[in-house]
Every structure is written in structure tokens, then in C-alpha cells.
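Residue numbers (the working numbering), protein chains in the order written: chain S, 1 to 99; chain A, 100 to 414; chain W, 415 to 620; chain R, 621 to 1157.
Worth double-checking, as some hints may not be accurate.
To be verified - The list that follows gives simulated cross-link-like pairs (lysine-lysine, DSSO-like), each with its CA atoms no further than 27 Å apart: (1) Lys677/R to Lys432/W; (2) Lys43/S to Lys266/A; (3) Lys775/R to Lys432/W; (4) Lys189/A to Lys146/A; (5) Lys75/S to Lys499/W; (6) Lys151/A to Lys1043/R; (7) Lys965/R to Lys1043/R; (8) Lys185/A to Lys223/A; (9) Lys160/A to Lys735/R; (10) Lys775/R to Lys685/R; (11) Lys225/A to Lys160/A; (12) Lys346/A to Lys192/A; (13) Lys685/R to Lys75/S; (14) Lys339/A to Lys685/R; (15) Lys523/W to Lys432/W; (16) Lys255/A to Lys634/R; (17) Lys147/A to Lys160/A; (18) Lys143/A to Lys965/R.
What the hints assert, rightly or not - Only some residues are given here: those of chain S computed to face chain R with a beta carbon under 7 Å: (19) Val86; (20) Thr92; (21) Asp95; (22) Tyr98; (23) Arg99.
In short, the hints are calculated from the structure, not lab data.
In this text, a Cβ means the ideal position worked out from N, Cα and C, and glycines have one as well.
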Amino acid sequence: MNLSVMSNEKHHIVPYRLYIIILLALLVLTFSSIGITSIELGKFTVAGALLFAVIKSYLVLVYFMHLKYDKPYIKLMVAFVFAVFVVTIVITFLDYLYR
Amino acid sequence: MYSSEVTQASNFVQGVDRAFLIIMGISFLFLIGLTVVMLVFVYKYNKKRNPKPTQIEGSVKLELLWTIVPFVLTLLMFYLGWAEWKPMSKPPKDAMEVTVYGRMWNFSFEYENGRRTDTLYLPKDKPVKLNLVAMDVLHSLYIPAFRVKQDMVPGKKDNFMWFEPQKEGEYELFCAEYCGLQHSYMYTFVKVLEDSTFTNWLTDTTMVASAADVESPTATGRRIMQSIGCFACHSIDGSKLVGPSFKGIWGEEQTVVTGGEKRQITVDEEYIRRSIYDPNADVADGFNKGLMLSYEGQLSDDDINNIIEYLKTLK
Amino acid sequence: MEKSAHIEHEHYDAEASKVGMWLFIFTELLLFGGLFIIYSVYRFMNPDAFHLAAEELDTFIGALNTVLLLISSMTIAMATTSLQKNNKLHTLLLSTVTVILGLVFLVNKYFEWGIKFSHGIWPGSPHMMETMSQGEILFFGLYFIMTGLHALHIIIGLVIIAVAMVRVNKGTVHANRAALLENAGLYWHLVDVIWIFLFPLFYLIT
Amino acid sequence: MHTSHAENEANYLKYKGKYKGLLGWILSTDHKRIGLLYLYSIATMFSVGALLGLAMKFELLAPGKTIMDAQTYNATFTVHGVIMIFMIVIPGLPAVFGNFLLPIMLGAKDVAFPKLNLLSWWLYVAGVFLVLSALLFGPGTPDTGWTFYAPYSFKTGTNLLPAVFGAFVLGFSSILTGLNFLVTIHRLRCPGLKWTKLPLFVWTIYGTAWIQLLATPVVGITLVLIALERIFGVGVFDPALGGDPILYQHLFWIYSHPAVYIMILPAMGAISEIIPTFSQKHIFGYKAIIASTMAIAFVGWLVWGHHMYTAGMSGTAQYYFSLLTFIVAIPSAIKVFNWISTLYKGSINVQTPFYWAISFIFVFMIGGLSGLVLGSLATNIYVHDTAFVVAHFHYIVFGGTGFSFFAAMHYWFPKIFGRMYDKAWANIGWLVFFIGFLALYSPMFYLGMMGMPRRYYDYLEEFHGGNILSTFGSWIMVTGLIIIITNLVRSARRGPKAEMNPWHGKTLEWTVTSPPPLENFDEIPVIAEDDGPYNYK
Ligand code: HEA
Ligand code: HEA
Ligand code: CUA
Ligand SMILES: [Cu+2]
Chain S
1 MNLSVMSNEK HHIVPYRLYI IILLALLVLT FSSIGITSIE LGKFTVAGAL LFAVIKSYLV
61 LVYFMHLKYD KPYIKLMVAF VFAVFVVTIV ITFLDYLYR
Chain A
100 MYSSEVTQAS NFVQGVDRAF LIIMGISFLF LIGLTVVMLV FVYKYNKKRN PKPTQIEGSV
160 KLELLWTIVP FVLTLLMFYL GWAEWKPMSK PPKDAMEVTV YGRMWNFSFE YENGRRTDTL
220 YLPKDKPVKL NLVAMDVLHS LYIPAFRVKQ DMVPGKKDNF MWFEPQKEGE YELFCAEYCG
280 LQHSYMYTFV KVLEDSTFTN WLTDTTMVAS AADVESPTAT GRRIMQSIGC FACHSIDGSK
340 LVGPSFKGIW GEEQTVVTGG EKRQITVDEE YIRRSIYDPN ADVADGFNKG LMLSYEGQLS
400 DDDINNIIEY LKTLK
Chain W
415 MEKSAHIEHE HYDAEASKVG MWLFIFTELL LFGGLFIIYS VYRFMNPDAF HLAAEELDTF
475 IGALNTVLLL ISSMTIAMAT TSLQKNNKLH TLLLSTVTVI LGLVFLVNKY FEWGIKFSHG
535 IWPGSPHMME TMSQGEILFF GLYFIMTGLH ALHIIIGLVI IAVAMVRVNK GTVHANRAAL
595 LENAGLYWHL VDVIWIFLFP LFYLIT
Chain R
621 MHTSHAENEA NYLKYKGKYK GLLGWILSTD HKRIGLLYLY SIATMFSVGA LLGLAMKFEL
681 LAPGKTIMDA QTYNATFTVH GVIMIFMIVI PGLPAVFGNF LLPIMLGAKD VAFPKLNLLS
741 WWLYVAGVFL VLSALLFGPG TPDTGWTFYA PYSFKTGTNL LPAVFGAFVL GFSSILTGLN
801 FLVTIHRLRC PGLKWTKLPL FVWTIYGTAW IQLLATPVVG ITLVLIALER IFGVGVFDPA
861 LGGDPILYQH LFWIYSHPAV YIMILPAMGA ISEIIPTFSQ KHIFGYKAII ASTMAIAFVG
921 WLVWGHHMYT AGMSGTAQYY FSLLTFIVAI PSAIKVFNWI STLYKGSINV QTPFYWAISF
981 IFVFMIGGLS GLVLGSLATN IYVHDTAFVV AHFHYIVFGG TGFSFFAAMH YWFPKIFGRM
1041 YDKAWANIGW LVFFIGFLAL YSPMFYLGMM GMPRRYYDYL EEFHGGNILS TFGSWIMVTG
1101 LIIIITNLVR SARRGPKAEM NPWHGKTLEW TVTSPPPLEN FDEIPVIAED DGPYNYK
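Isolated chain S (complex conformation) (with noise of 0.2 Å):
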């Protein structure tokens, strides 16, 4: 089933014009996350720099990473690790935020 597929995939081919919209983007980002991080927000400053970086990130891999045009197989999987490396950082958290 795999031999007759495989060499045959044409993949998709990303246009440059997305690409440059994605680095806007995450330039924007960057410096809205530097701009917010200037004010005081106290406690939220953590979260708020934090959110940034997720949708960052949430760009490189969807659409620089190819995730978007990818099997859904390997979606699943990013995903799944990702989750399972939250899961582990709050489990730890049990530990500190209680003790």
C-alpha cells in the first residue's frame, strides 16, 4: 500500500506571498509582546508573554512546519507531544504549587 503511494506524493508547494504575510505576522507579534511586557501587568506579564509565544510558535509550525498541508496523522502527533509535555510541566506543579 505504501510502495505505490510513495513516490508518487506531489506535495504542496506554499506560494512565497504566504510566507511573507506568516513573518509579518510574527514580527507584529514580537514586538506586541515586547510592548506589553513593558507595562507593569504583574502577574499576567508571565502569562501574557507566554500567550504571545504560543500563537508564535502556533504560526511557525502550521504553516512554516507544513502542518497545515501534512497527513493528519502527523498533526496528531505534534499535537500529542505537545500535550503530554504540558500534562508533565503541571504534574511537576502539583508538587511545587502545594508544598
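Place chains A, W and R with the ligands on chain S using the hints.
Same frame as chain S, now just chains A, W and R with the ligands:
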């Protein structure tokens, strides 16, 4: 379990042992049951007796059954263990406090009135809270008869354990976290006394300031060294332990390494004082740096004078 | 050797190498993940010290490097597109831009670390031991380890891209056999994603 | 492909490629040869590790010094632990049997990345030599225990760095193997071999590979930090610099707990192959076993804290970890139930691999059930870091993974070497070994309940009796092991020729000659709709 005479040695024994027995009971039930079933099948459906297998691919009902039953049982076992453990983390307010210092490789205990010992003396039927201080690496204070254990973590605040001894007697106290060379020798004893005997012992200044103390600093020196644990690493009979033996140390010619260079010194008051307050400044040749820690703040100048007097006697 | 010829036959399976690369990226993520766990625990335990220490870092250099990496990420992604369009020249050009941006990133890092060193800040330095609180020591320890490890990954990424460029030039990597370049790109984006998190954690949250 | 039939006649053992002799092996990218390379290297390391274990037991025969001093003893259990864990049971079944069988079971000619596969083996060897160099050069053999707990691991004056780097390299090898297997399973299944038709051994390899891939880097970075801490004095875990030693334990066990499932899952997989073959019956609850495999792999990731109940975690964490530890026992229970049900109404052919398989189930149950005692908070506080834990993990690691390894060895031996072993001697060996095993490790449960801490060079008189029994047990076990190994080594060269399918198995490896031809299949097999790995008629 541990041994029947000391069954009720502390307030936790009963609960822990009950959890133990129930979990073991369930385990044995499954172990024996499943083993018997397995052997019966192996016998009954042997090729000779049953030449033709019957194909069965599975059964959803059975799968559900043997998921749910163990699930319920595990929840029960979990609950038991948790319920019996819970009180261990909540010391009563009126508990007597003792500070425990753990270092490579001995324990020392300091009471509220400043008294220090190398054996843990405790009153019967009174809750005690042990505040655990690790000086160098991880240790773990373990009293099997009391069913308690807690790691001693260097730098950790609020590191404690508590229990209430309920039976007079002498019990073993081990270090249960691997801590290096003499880990297996890092043990001592807990002596549980009648309340009044304990109070007498605790306030018995005669033992501290016994006649010997005033007249002979030697005995005091020895006692201090005993209770703070120098003999874990230093012998007095010439045998080499982790550190150099104290036999004949006074006035001896010693080769030491200072900042990477060897030099000769004579063991005198100043050298001993430096060895205790700043052990890594001059490292006795042939021994490892970094093992002995500074006792600054734990031993006063007077203490050290007494120690020196004692060392002088070790010919 | 006639016989060994057939065992060397490389069947080309682009999807296999892509999945392989993704799996490798997962291990890299978890490698940094371990460090992120440490960072968050220590930040939680020493909020004030981390706050203080982060002020020492130069947001400008950090932001500059972020921009460089983002652009380079775009150029390497474009390189794949041009390879698929059979445009070798553009492919090489875009990859070269990526490499140059990566190198500039490293040069910036070099100067940034150099400034820290000249302030007496390096792992185990006497200045740190004497004047800093424990939280600050932890912060800088992590700073050096995490940005150092990230720089190491930049270097690895650059090497992979360079190899891919050589193969593109030779013609063994082309529109129908683009896996190597795509994987080089994937790896480079990973380096980018990690930086996207390092930057706010060390430079922004002060 | 263009392989001619005659050419493929040559089996992989005889095949002459570009290189001759030893080079033809250590430079071969053939998955079967790499599997055997692992077998030989692991067997060698096992002998070393086992002899160290034997030496420890000898030391513990009587209180006080018996044959070695305390420093040597501490170094011995450290090296014993590192060898056994990182070099034997973690690579064990996946690297030996996974390499050998996975492609064949999938109907493929090789793994997805054959060169990477060879690289993994080379890294394994490099790691082994790095660790061993710690023994030979430098200021003394590492003495921290295989857990390398901070802060002792950067206080000790011994030669820790090579050992830590060695473990790191071994981890890297393990990651690459896992990666390779994952891609192979995803991409190289033969036509018709759907996910729901994969042999269970392949499924367990799949679960294991995910853990190898995701967990190993965490311990990798942790070990690197220990090294940096020792070399540069970067403060990370050192309490004197504000570090938290307990965080080290978290990171260590985030890997090392899932690692115990790396050890046991393929072992369970092998048992899931052996039981149906010898009962000539479809495995009971195929899908349930797959589900439990994946559940163990996933939930097993979340329970690391049960090694740290006494370390000083928060109460919330204690509660959570204990609860999940109990939950993770359930999928293991499901497997045991399904294995035993497979026997029901089978037609059981009692042979050596089958003996190993049922004794596996027995000792695995004991090991696993003692894990429940450890998972429960109150009782763990009591027996943590005592001989009870040592008994638990020898029962489950050695009794589980070890027994399964021997079961697999006797099951696939005719396929691998194309020869059959002496069955009578194999059975005798098993019996002696089994008795020795019980005598060696059972007393440790008792000693632990009496309160004897682990990693104790010396002990009080009251623990003497149990230790004597245990030491005797170790001697019985050596005897058994020597019988087994001698029998296998002899038969690999001189045993009678084996048939293609001596046990009447149904998985694909039994459809190729013994030993398998160079490229496994002349033609890639196609699995029919009503066919499957356990479809006995
Ligand atoms: C192959 C490796 C392996 C496996 C599979 C396991 C499996 C389990 N382990 Fe074990 N463990 C180790 C290897 C392993 N362990 C090692 C090496 C250590 C020591 C590390 C060190 O400190 O050096 C250790 C230590 C260890 C500890 C820490 C002890 C301590 O230091 O205080 C704990 C605590 O919870 C634990 C629990 C468990 C549990 C609950 C399981 C479960 O997965 C077991 C599940 C199995 C069963 C339950 C049996 C089968 C089921 C039935 C017969 C049906 C009936 C069942 C029910 C009703 C539930 N293990
Ligand atoms: C796979 C895992 C594995 C295996 C198989 C074993 C096998 C054995 N272990 Fe293991 N052990 C561990 C993993 C393992 N161990 C780990 C992880 C630790 C913890 C370390 C730590 O605390 O850090 C430990 C700790 C440990 C201790 C505790 C140390 C302490 O806490 O004080 C002891 C004590 O007796 C011990 C003994 C043994 C013995 C006697 C064997 C025996 O079963 C060995 C059997 C083998 C023989 C009896 C020899 C037979 C072989 C030959 C004679 C060679 C012939 C060869 C050829 C012809 C090829 N081990
Ligand atoms: Cu102190 Cu072990
Ligand atoms: Cu575990």
C-alpha cells in the same frame, strides 16, 4: 510484620499494618487464585487431553468485569494507604520538638534546652516533632518499629516528621537514603522512656556538668566529639577510616596539601582549630578534600579547647 | 561486488524521512522541555530574584536576534518552495541568506555572552557567588545553559543546511527528492520555535 | 525487486557481502545481523552485571566484611545497576528481538533507516565503553547508585563523568532505535497488514518506542546538568546555590519510571506471542491487550512521583501520584487475565518457551502485586528504600523482563540460528533457575518488612538469616543460568537443523526459512482479509 513485641511502638503502627495486611491479602488472593486457574488450564487443556483447541476471540463482558473489579479494588487500596498516611503530615501543635542534624555519617539530636546527643531519647505517649536538617547530602531518617521515614534534604525548609512513641524500649534508627561510603553505619537508637524518667534525663545537668567536666576537659571533649559524630570518620585506635586516625595526633609531623602544594606541619592547637573550622584549607595527605565540613557555628571555642585536651590524651 | 549492490538500494520514501525528522524534533522538544521545567520551577520559587536578574539582560539584542531568526525561518521555508519550482539558483540563494542570518545570530550571542563575562558573570564566577542571591545564580546558570544549548542547535542546523545546499548544488536534491532540504528546514524551524519561548522567558519577563 | 531467487537462498548468517568476517557483521546494516550484534553485546554485559550481583550477594552472606570493603560494595551496586538497567533491560528485547523480528513480522525487507540502525548499535557500544572507562581510569569507580541523586553525585570524589556521559550516549542509542521502529511500523507494513492485524509484539514495540523517544531526552538533559554542575559549578541542583535536590529526582524519574515500562512492554509482547502459539489458539481479547499496552505507555508517563513519597513532596502530589500508580496497575492486570484466558480450551503444547512464559506470569504477578504495596502511601513510607523495593524490582525486572527474554530466546532460537537446542537440558535449566530465583529474591521481601534498608554494605545480626538464604539462592540460580547458556551456545553451532515452523506459529516470521534469507521475503507478502497473526483453525 516487624516483630510482634513492638507492634504498638508508635501511633502509626496499627494503621500502616492494617493497610499492609489488606493489600497483601488482596494480592495473595489474586496471586493464588490466578496461579491455580493457570495450572488447572495447563493441565486440563494439555495437548494430550485436548487435542483440538476451541477458538475464542474474546468477550467484552469479561473484559469489562476484569477492568472494573480491579479498578474498584485499587481505589480501595489507594484510599487505605492515603487515609493512614494523611495524619503523618499533620503534627499536633503541642508536640515536643527535637532538631535532628544528619551529616555524613551520623545523626545528632538537639533538644529544646540545647542538650545534644547521638541517641534519640524520647518520652512515652507524647507526640514529638523532629525537625530535620541535612548538613551535606540527602539522608533519610527511618525508624522501622514506628513505621516512619522522611528524607532529610539539604536546604529544604519545613522538613519534619512526627509520631508518638507508645511503648518503652530501644529501637533502631537507620539512615535509609544512600549517602556515601558509611551509609550502612549511619544508624543509632531511639530510647523511649517513661515520661518522668525522660524529664529527669533531659534536665539532668549533672550529666553535662558532671564532676568530670569541671575537673577534666578531656571527658567533655570526648563527649562532645561523641555526640557531634567525629568518630564516624576518625578512629582513636590508629585504624584508617574516612579521615586520619586521632591516635598520637598531638604534636605529630603531618604532610598536608595547602592549595595544591604539599608542606609539613606540626599538629598544634592552631592547626586543629583550623582543621575543624576550615577543613579544606589544609588537607591531610592521602585523604579526600570536601568530605569533612566546617563546624563553625556548631562548635564553640570552648568546645574546641575541650576537644584538643582530649586529643592530647590519645597517645 | 555485484551481490551487495542490491542491498544498498535506497528506496526513496519522502514521507518516512519526514516522519523520522518529526520524531527527532520531538526528542529535541523534550530535551529543552526538561530545561523549561527546571526554569519554571525555579522561577516559581524565586520570583523576585528572577525579576532582578532578567533586568541585566539586553532586550535589544534579544529582540534583534528574534527578528533575525524569524526572517531566516521564512527564507529557508521559501527555499523549499523554490526547489519545488525547480529553481536551483533561488534555492541556493535563499538558503545562503538563512545561513548568514544564523551566523549573525551567533555573532550577536558571542557579544552578548562577552558582555556578561566582562561583568564578571559566568557559571561559578566569584562575582556571582559573592554578590548575587541564590535565585540570581540559578537564573544565570539556566541562562547560560539554555541559550548555550540553543546556540549549539543553531550550529547543528547550519551544518545540516550546508549539507543540503551542497546536495542541491550537485543535483542529488531536487524537486522530486526534496526531503533533505525540507528536513533541514524543519530542523531550523524547531530552533526557531525554541527561541520563540526562550526570548520572552529570559529577556521580556522582568 | 530485482533480487534473484537463487541469490536469496543464502541465509543472512552465511551471506557474504562487501566485508568479510567480523567486519561483515559490525558494518552490516541488515536488521537481523544487528539484532544478533545486540544479542552478543547484551549477553556479554549481562555476564558482567550478573557477576557483580553475585559478588554483592557473597558480601552480604555475613555481617561485616566478607569479601570487599564498603567503597567497593557501593561501587559494585552502582555499576551493577547501571549495567543492568541502561545496557541490558532497556535495550534488551526491543534491540535484540525487535530488530530481528519487527521487519519480518511486518513483511518488510528491513527497518526504515538501516544505517541509522547500525549507528544505534555503535552508539550502544560507545556508551558501554564510556561507562566501563569509569572503572578503569580516574579516581575511583562511581559510587552513587544508578539513580545519581543530587547532591551526592557532585560531592563524590569518584569518577562520575564517564559514567554519566556513557548513560547519555546509551540513551541516544535508545532514542534512535525507537525512532527507527516507529517509522518502520508506520511506513513499512506489507499490503493488507492493518493496524488491527499487527502481532501484539509489534504493538508493544510501538508503545515502547514512543516512551523511548519522549522520555529519554529528559534524563539526557538531566545527566548533562549533573556533568555541567561537576565541571563548571553551574548551580542547578546544588542546595548551596539555591537548587532543589528534589527537582533532580522529579526529572530523573520522569524518565526512569516510564523506562520501567520500556523494559516490561516488549516482554509482555513476547509473552503475548508465545501463549497463543503454544495453546494453538487465538489470543483472548486482542484489542483489549492493545488498549492496555497503549494505556500502560501513556499512564505510565504520569506516575513518576511514586519513587519520591518520602522525599518531601507536597501532599497534593502524593495523593495524585499514589492514585495514578494504582490506576496504572489495571492494564497490567488486564493482560494477565487475557493471557490466562487464552489457555482456556486451548491445546497446550508444553515446551521450554511455554515453561518460561507461565513462570513469567507467576513472578510478574508477585513483582507487580508487591508494586501495589509500594504504590500505597502508608506502606511505602514503611518499606521505601528497603530490601522490599530491591525484591520488588528484581522480581519484576529480572522475573518479568528477564524471564520473558529467556522465553523469547527459546521461542525464536530455531528461527534465529536455524538450529534446535536440547529440550531436556533447557527444561532442567529452567527449573533450577526458577527455584534459585525464588530462593534468591523472596527473602528480600521479608528483610524489607523487617526494616533492612537497601544499599547497605553491612547489616545488623537480626537480618542474617534472610541474607544467608538469599545468597544460597543466588548460587542455585547461577547453576541454572550456566546450564541454560551452555545449552544455547552449544546448540547455536551444533544443534540439529530446525524446521521452518517448529511451534506452528501464525505470525509472518514463521513463513520464511530458518534462518531467514538475506532480505526476508522474495516477494513482499500480502495479508488476506480473513488472515491474521492469531488465526488458528
Ligand atoms: C520492569 C520494570 C518494572 C515494572 C513493570 C514495575 C511495575 C510497577 N511498579 Fe515498580 N520499580 C521498578 C521496576 C518496575 N516496576 C524498579 C527498577 C524500581 C526501583 C528503582 C530504584 O529505586 O532503584 C521500582 C520501584 C517502584 C516503586 C518505588 C519504591 C520505592 O522506592 O519506594 C513503586 C511505588 O509505587 C513501584 C510500583 C510499581 C507498580 C504499582 C507497578 C505496576 O505496573 C505493576 C502492575 C502489575 C500487577 C498489579 C500484577 C498483575 C495483576 C494481577 C495479578 C491482577 C490483580 C491486580 C489488581 C487487583 C490491581 N515500583
Ligand atoms: C535487569 C536488572 C537486574 C538483574 C538481572 C539483576 C540481577 C541480580 N542482582 Fe540486582 N539490581 C538491579 C538490577 C538487576 N539486578 C538494580 C537496578 C539495582 C539497584 C542498584 C542501585 O541501588 O543503584 C540492583 C541492586 C541489587 C542489590 C542491592 C544492593 C543493595 O541495595 O545493597 C543486590 C543485592 O544482593 C542485587 C543482586 C543481584 C543478583 C544476585 C542478581 C542475579 O540475579 C544475577 C544472576 C546471575 C548470576 C547468578 C550469574 C550468572 C552468570 C555467570 C556465572 C556468567 C556465565 C556467563 C557465560 C557463560 C556467558 N542487585
Ligand atoms: Cu545518611 Cu545514608
Ligand atoms: Cu516507578
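Check each numbered hint against the structure and report the violated ones by number, ascending.
-> 1, 2, 3, 4, 9, 11, 12, 13, 15, 16, 17, 19
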